[in-house]
Amino acid sequence: SQWGEENLQALSIQEGEDVTMNCSYKTYTTVVHWYRQDSGRGPALIILIRSNEREKRSGRLRATLDTSSQSSSLSITAAQCEDTAVYFCATDASGSWQLIFGSGTQLTVMP
Amino acid sequence: AQTIHQWPVAEIKAVGSPLSLGCTIKGKSSPNLYWYWQATGGTLQQLFYSITVGQVESVVQLNLSASRPKDDQFILSTEKLLLSHSGFYLCAWRGTENTLYFGAGTRLSVL
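Read top to bottom, the protein sequences are chains H and G.
Residues 1 to 111 in the working numbering are what the first sequence lists, from first letter to last.
Residues 112 to 222 in the working numbering are what the second sequence lists, from first letter to last.
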């Protein structure tokens with residue numbers, strides 16, 4: 001799982017496998033963002049799940065949200081080499097200007 | 112379509128020297144703008160945000176300052192660089208549901 005000041009976590013899988021990354025957050029949020037960051041580039045939003053949703057799908061991506069445990073997950077089905085990147089979850093403390101990012105997960109998909 | 116441009120792409124600077132990084136956004140009127148810093152292998156730390164020209168709020172104190180001289184421009188600067196300033200600086204504008212759209216970033220190495 002990712003959060004806080006922990007160092008970047010790393011996952012390494014084979015192409016075609018499924019993978020799930022987890023995220024825990026500390027304060028109430030109205031939405032959980034998942035961003036992907038390719039090496040040397042800025043992060044980009046890949047999926048967003050609202051507090052009234054338990055699951056959200058987009059192509060091979062699936063996000064879940066459990067507000068009672070303040071946790072979210074991002075799953076990638078049949079991962080491909082081009083899915084190699086760092087994945088961050090982020091939340092916004094309600095009423096705040098601040099988007100708080102998790103510590104990130106470095107996903108490496110090997111051929 | 113909105114575009115965000117950061118300059119320079121990379122900088123190598125000496126400890127104690129000044130720094131100025133820039134960010135310009137086009138195609139978005141009165142954007143909310145953000146500066147984030149990322150250490151190598153680290154998460155994204157919000158530094159500053161600005162909701163209008165001339166108004167900047169600081170989130171963390173890192174001996175850096177920011178200014179918003181124009182509606183579409185956000186500047187990050189310091190008069191005296193420290194080794195700890197090394198990292199990746201990212202500018203972003205805020206869209207709906209607090210989604211952040213990042214620029215390509217500036218890689219800073221302080222020697």
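Please note: incorrect hints may appear among the correct ones.
Said to hold, decoys possible - Partial list, computed: chain H residues near chain G (C-beta under 8 Å):
1) Val31
2) Glu82
3) Thr84
4) Phe88
5) Leu99
6) Phe101
7) Gly102
8) Ser103
9) Thr108
The hints are simulated quantities; they were obtained by calculation from the structure and are not laboratory data.
Ideal Cβ placement from N, Cα and C applies to all residues, glycine included.
Taking the hints in turn, this is what the structure says about them:
Hint status for Val31 (chain H) relative to chain G: holds, with the closest Cβ pair at about 5 Å, below 8 Å. Interface hint status for Glu82 (chain H): violated, as the beta-carbon distance to the closest one in chain G is roughly 19 Å, over 8 Å. Residue-level restraint check for Thr84 (chain H) is violated (minimum Cβ-Cβ distance to chain G is 15 Å; threshold 8 Å). Proximity of Phe88 (chain H) to chain G holds as hinted, the smallest CB-CB distance being about 7 Å (cut-off 8 Å).
Because the beta carbon of Leu99 (chain H) sits about 6 Å from the nearest beta carbon in chain G, less than 8 Å, this interface hint is met. With a cut of 8 Å, the hint placing Phe101 (chain H) at the interface with chain G holds, because the nearest CB-to-CB distance is about 4 Å. With its C-beta approaching chain G no nearer than about 7 Å, Gly102 (chain H) sits inside the 8 Å limit, and its interface hint holds. Residue-level restraint check for Ser103 (chain H) holds (minimum Cβ-Cβ distance to chain G is 5 Å; threshold 8 Å).
Checking Thr108 (chain H) against chain G: minimum C-beta separation of about 14 Å lies over 8 Å; hint violated.
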